[in-house]
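Undergrad: The sequence shown begins at 1 in the UniProt record's numbering and counts up by one.
No wet-lab data here; the hints were simulated from the structure.
There could be a bad hint or two in this list.
Straight-line alpha carbon distances no greater than 25 Å define the calculated SDA-like cross-link-like pairs of lysine to any residue that follow [to be verified]:
hint : residue 1 : residue 2
1    : Lys114    : Lys272
2    : Lys272    : Trp67
3    : Lys76     : Asp210
4    : Lys272    : Gln89
5    : Lys246    : Gln89
6    : Lys145    : Gln162
7    : Lys193    : Val239
8    : Lys193    : Glu176
9    : Lys191    : Leu133
10   : Lys232    : Cys173
11   : Lys193    : Lys114
12   : Lys193    : Arg208
13   : Lys145    : Pro71
14   : Lys198    : Leu139
15   : Lys246    : Pro199
16   : Lys272    : Ser160
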Amino acid sequence: MEMQPKESELPPPPEYSGPGYPAAQPLYPPAQSQYPPGLAVSGQPVPHGAFPVPGQHSAPASPPIIWMPVPPAVPKCPPGLECLSQIDQLSVEQQIELMEMISGYETCNRYEVKNPLGQWLYFAAEENDDFTLNMYGALRPFTIKLFNSTNQPVIQLSRSFQCSICCCPCVCCLQELEVQAPPGTIIGYVKQKWHPCKPRFSLQNEAREDILKMSGPCVPCRCFEDILFQVKALDEIAVLGTISRKWTGMAREAATDASIFNVTFPADLDIKMKAIVIGACFLLDFMYFERQGNRNKQNRRTGVHGAPRTYGHRRR
Numbered sequence: 001m002e003m004q005p006k007e008s009e010l011p012p013p014p015e016y017s018g019p020g021y022p023a024a025q026p027l028y029p030p031a032q033s034q035y036p037p038g039l040a041v042s043g044q045p046v047p048h049g050a051f052p053v054p055g056q057h058s059a060p061a062s063p064p065i066i067w068m069p070v071p072p073a074v075p076k077c078p079p080g081l082e083c084l085s086q087i088d089q090l091s092v093e094q095q096i097e098l099m100e101m102i103s104g105y106e107t108c109n110r111y112e113v114k115n116p117l118g119q120w121l122y123f124a125a126e127e128n129d130d131f132t133l134n135m136y137g138a139l140r141p142f143t144i145k146l147f148n149s150t151n152q153p154v155i156q157l158s159r160s161f162q163c164s165i166c167c168c169p170c171v172c173c174l175q176e177l178e179v180q181a182p183p184g185t186i187i188g189y190v191k192q193k194w195h196p197c198k199p200r201f202s203l204q205n206e207a208r209e210d211i212l213k214m215s216g217p218c219v220p221c222r223c224f225e226d227i228l229f230q231v232k233a234l235d236e237i238a239v240l241g242t243i244s245r246k247w248t249g250m251a252r253e254a255a256t257d258a259s260i261f262n263v264t265f266p267a268d269l270d271i272k273m274k275a276i277v278i279g280a281c282f283l284l285d286f287m288y289f290e291r292q293g294n295r296n297k298q299n300r301r302t303g304v305h306g307a308p309r310t311y312g313h314r315r316r
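Make the full structure from the sequences, and use the hints.
TA: Shown next, in the form of structure tokens:
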């Protein structure tokens, strides 16, 4: 009578089964079941967090980013600006920088450009170094690139440093923004015009010819209401569009300088001019609504969204 081998004396189980390999033996336990479908991919590790940890609550998922579908090609349109041909309004929302709120040190600004349905048109990111950010504050020179859904830069906004130390800005202190689309090809400028108290700008084409005018209220830092800038024809009578800086509430205004703008323009406005109007929105944010980074904590203690400023210079 043959003795059954002990469990400890069993030979190692075969690692594979199928054609050319021995079948599983009856004395061995069944093979381990596979991962739930959708969590394990052949040749790839299971993503971190795929299996919940007992007793641990998962973090709420951030809302998905939905991009606006790319419309058909538009004749004589710079690449990446086709989506502007189908809209007459959009929003520019600056992202809140937690590190800037906590430390008080200035960080590069980032923005979300969306259509009225909340679909993303562009993602805008400032390119700058720490020294320039915290040395010059809101007066700093900057380059902002707007990226499309394929992560390609389609618009570039550039401002050089302009020393502004007087109450009424002189000719040499006026601000100017250069707009390129695509980067490397200039399509226009946003140029500040001298005025003793009101913000006034010219929106120019690539030949520096005035196409539109823009003006705003005498005091741009008012509480509890939106700040409206009007885009006008050259006669400065017909209002063609607006740039409105929204009042976001006392708590947010006291804690951060992240702005939200609503922009409107005629649907049949030249696509390049629409991009220049968007560029004007960024220039206004830096000139009138960007706080000095290392003064954020002081502003939060006072509970005021920045001290009232005169146009063309920053209070230190």
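Undergrad: Now look at each hint and say whether the structure bears it out.
TA: Against the structure, the hints come out as follows:
no.: 1; hint: Lys114 x Lys272; in the structure: holds, 18 Å
no.: 2; hint: Lys272 x Trp67; in the structure: holds, 21 Å
no.: 3; hint: Lys76 x Asp210; in the structure: holds, 21 Å
no.: 4; hint: Lys272 x Gln89; in the structure: holds, 15 Å
no.: 5; hint: Lys246 x Gln89; in the structure: holds, 15 Å
no.: 6; hint: Lys145 x Gln162; in the structure: holds, 20 Å
no.: 7; hint: Lys193 x Val239; in the structure: holds, 18 Å
no.: 8; hint: Lys193 x Glu176; in the structure: holds, 9 Å
no.: 9; hint: Lys191 x Leu133; in the structure: holds, 23 Å
no.: 10; hint: Lys232 x Cys173; in the structure: holds, 24 Å
no.: 11; hint: Lys193 x Lys114; in the structure: violated, 29 Å
no.: 12; hint: Lys193 x Arg208; in the structure: holds, 13 Å
no.: 13; hint: Lys145 x Pro71; in the structure: holds, 21 Å
no.: 14; hint: Lys198 x Leu139; in the structure: holds, 19 Å
no.: 15; hint: Lys246 x Pro199; in the structure: holds, 18 Å
no.: 16; hint: Lys272 x Ser160; in the structure: holds, 21 Å
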